[in-house]
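*Asks:* Take these sequences, add in the hints, and give me the full structure.
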Amino acid sequence: MGVPSAGQLHHSLDDAPVRVVSARPTLSTRLKNLWSRRELLQQLIFSDIRIKYKSSTLGLLWSMIAPAFTLGVYYLVFSVFLRNGIPNFVIYLFSGLVVWNMFQNSINTATGVIVDRAALVKKVSFPREILALSNVGAAVVYFAIQLAVLVIFVAAVGHVPAWRFLWILPISFLALYFFTSALAIVMSAVNVYLRDMKHLMEVLLQLWFWLTPVVYSYEHSIAPHLSRHGLSLIYFLNPITLIVVTFQRVFYVNTVVTSTVAPFSRLDILPTWSFTKFLDLNLGLLGITLVLFIVAEAIFGRLEGNFESEL
Amino acid sequence: MASVIDVEDVSKQFKIHHERHQSLKERLLHPHSGSTEVFNALSRVSFTVSQGETVGIVGQNGSGKSTLLKCICGVLKPTSGEIRLRGSLAALLELGAGFQTELSGRDNVYLYGAMLGFSRRMVDAIFEDIVAFSEIEQFIDTQVKFYSSGMYVRLAFAVAVNVNPDILVVDEVLAVGDERFQAKCLDRIRRFKEEGRTILFVTHNADQVRALCDRAVVLDRGDMIADGPTQDSLRIFREHLLVDAVEHDAAHLLGTITIDSVTTPEGTFEIQSGSSLHLDVVVSAKTAYSGNFVLELFARNGTLVSRSDIQASPVNLVPGRNRIGIDMAQVPLLDGLYDLNVGVLDQRGHTVIAWSEKAASIQVASNGRAGGIVELGASIRQE
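Sequence order for the protein chains is A and B.
1 is the number of the first residue of the first sequence in the numbering used here; add one for each residue after it.
1001 is the number of the first residue of the second sequence in the numbering used here; add one for each residue after it.
These are calculated hints, taken from the structure and not from any lab test.
Here the structure is a predicted model, which is why all the values come from computation and not from measurement.
Take these hints with a grain of salt, some might be off.
Claimed, not checked - Which stretches of chain A does chain B cover? Using the computed rule of at least three CB atoms under 8 Å from a CB of chain B, they are: (1) 14-20; (2) 120-127; (3) 152-162.
Unchecked claim - From the derived model, a few chain B residues whose C-beta atoms are all more than 10 Å from chain A: (4) 1044; (5) 1093; (6) 1114; (7) 1137; (8) 1141; (9) 1226; (10) 1231; (11) 1261; (12) 1273; (13) 1294; (14) 1299; (15) 1301; (16) 1302; (17) 1304; (18) 1319; (19) 1346.
Each residue gets a CB set at the ideal place from its N, CA and C atoms; glycine is no exception.
*Replies:* Here is the structure:
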């Protein structure tokens, strides 16, 4: 549709598409609507980022400084003081942290977003879940920056990634994106009704972090205990785990290493799954997260109807 | 012409919480405490707007007109019924609500444009027009939080009208800015109308509706009580207001005073420009009442030609028929048809006690070539 110049007689709308405002739009209408407003999403993401770093001197650099600091602290604690014996521990840690940071950033910011922007929600018409998705989008931008730093770091220390597994990363990332978006969308709506959700999520995310093998190795610390009881699957109910492990497999590469603390002792770090198994698991997860995303949209649609009397 | 707005059987209910428990603790401790009342803001409203129409939505505060508008804009979802829209829509309601105060005016123009559903490229094309219209060129790169409220609203208005939407929704925002900017806004809305765009105009100001709208929808406490040509709808609106006013302030006066007829001695309302006019008004009263008589004259395009001073013409009505005479020594109107409203107000001029909308239509004929509505009687000579 073009923009008619002033004074020009207006074009006929006989053939224009019809938009329907009704009590409960169907799921497909919602998804179509969401897709048609992707440009708004893009603008919201960039305004989010711009606002966040608007009056700081270092600006976007902060999105790297803070994770670098966390990385440094964990490295000191686990590699230097606790001496877990994992060689090249920084790379192991870094590849898991980029994934976790993206997830945590998104959920922490998105949970409160509808309440924080109540003024906008009550006055301007757009698919409300775009607000939560814009927070996820901003986190994706930071993720991309951190990933770039990780790649540069890996190249700089002369570490060779598992090229063969590289092709799984996009699938793994999409699964991460859809899972994070699904949770962000649902939490942003639930928080409208239960304002404690924002604080509760902050606490839960800390627990969740330790349930994910970012600073320790799943194969080394958890797997032996779980497999003894046949409970390995339970650990992988946390979708972030598979994604983190995939990223570690790509960037850290080694499944079995020799301990730096006790020479000659073997450490199992990562699952020794084949490429096909990694691929299948990630594809399966992507499928599940896509379903979760659609379910989240449906839940949001239900909860959205009463926003105006709660905000 | 296609219908661009189709409101079908739309109802909207609000749940009003009397005791709000929003924290988890309170919800767990008092799962059922706090009563919820259901408030019907709109009940089964239906109407259709065709392309190019300018429709007014009139109603008092609390009549549901803003709720209806928000439903049409998609900010609220109706509880039942549906609204079908064709073409792009921009709403001038709660101007500037989409602004991010931390961002510059420039960034906000693009963001607000995106919220209205316009792409970056489309906003690029009209960016200069927007800035020029808003008259804040030198502050466009300043953060919006430093803007005065006037600048804020001007920028928002500029975006909304310059994206050239197919449907423009205006909600009592014409009270913004100084008088000159208001006139500019009204001009812009008129141009919209001339371009054949559809305008939905919400107000409780009957004069603005008369001036702009072809048609008006009247809402009262969520019910649609009229939908028709502006004049007819406004008559219903006025009469309804009247019933309301009487209910609130002087219930005992309800229906006690009515305006029976407005006539001329000649029996015709056709006059020559500049001639005199005498009107006889018959008012019947059931009880004695002292109030003020008021007279309004409108041109057919909705322009208010004259309203008499609402406190200057006291009348003492006695039970039975009262005759009131109106004398106009010289009617300085030009060619055209003019509608006359007459009414009785209370002594302070606040409450309408009796009203007759469009009590008569006066046909004025002039033999000159002057244009407009008023004969100034100017004599022009070269000196």
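*Asks:* Taking the hints in turn, state whether each one holds.
*Replies:* Now the hints, each set against the structure:
With 6 residues having a beta carbon nearer than 8 Å to a beta carbon of chain B, the segment 14-20 of chain A meets the requirement of three or more and the stated coverage holds. Counting residues of the segment 120-127 of chain A whose beta-carbon sits less than 8 Å from any beta-carbon of chain B gives 6, enough to reach three: the coverage restraint holds. Figure legend: the segment 152-162 of chain A, annotated as covered by chain B; annotation inconsistent (0 residues with Cβ-Cβ distances under 8 Å, at least 3 required). With a minimum CB-CB distance of about 13 Å to chain A, residue 1044 of chain B clears the 10 Å threshold, and the non-interface call stands.
Taking the minimum C-beta to C-beta distance to chain A, about 7 Å, the non-interface status of residue 1093 of chain B is violated against the 10 Å cut. Its beta-carbon lying about 4 Å from the closest one in chain A, residue 1114 of chain B breaks the requirement of being farther than 10 Å from that chain. Interface exclusion of residue 1137 of chain B from chain A stands, the closest Cβ pair being 19 Å apart, more than 10 Å. Annotated as non-interface, residue 1141 of chain B keeps its C-beta farther than 10 Å from every C-beta of chain A; the closest such distance is 13 Å.
Under the 10 Å C-beta cut-off, the non-interface status given to residue 1226 of chain B relative to chain A holds; the minimum distance is some 23 Å. For residue 1231 of chain B, the condition that its CB be more than 10 Å from all CB atoms of chain A holds, with the nearest at approximately 26 Å. Under the 10 Å C-beta cut-off, the non-interface status given to residue 1261 of chain B relative to chain A holds; the minimum distance is some 45 Å. Residue placement check: residue 1273 of chain B keeps its beta carbon more than 10 Å from all beta carbons of chain A (closest about 34 Å).
Every CB of chain A lies more than 10 Å from the CB of residue 1294 of chain B, the least distance being 38 Å, so the non-interface label holds. The beta carbon of residue 1299 of chain B is kept farther than 10 Å from every beta carbon of chain A, the shortest such distance being approximately 26 Å. Residue 1301 of chain B, annotated as away from the interface, keeps every beta carbon of chain A farther than 10 Å; the closest lies near 21 Å. With a least CB separation of 22 Å from chain A, residue 1302 of chain B remains clear of the 10 Å interface cut-off, as annotated.
With 10 Å as the threshold on Cβ separation, the claim that residue 1304 of chain B sits away from chain A holds: the shortest Cβ distance comes to roughly 29 Å. Every CB of chain A lies more than 10 Å from the CB of residue 1319 of chain B, the least distance being 51 Å, so the non-interface label holds. With 10 Å as the threshold on Cβ separation, the claim that residue 1346 of chain B sits away from chain A holds: the shortest Cβ distance comes to roughly 38 Å.
Hint check: violations occur at hints 3, 5 and 6; the rest are consistent with the structure.
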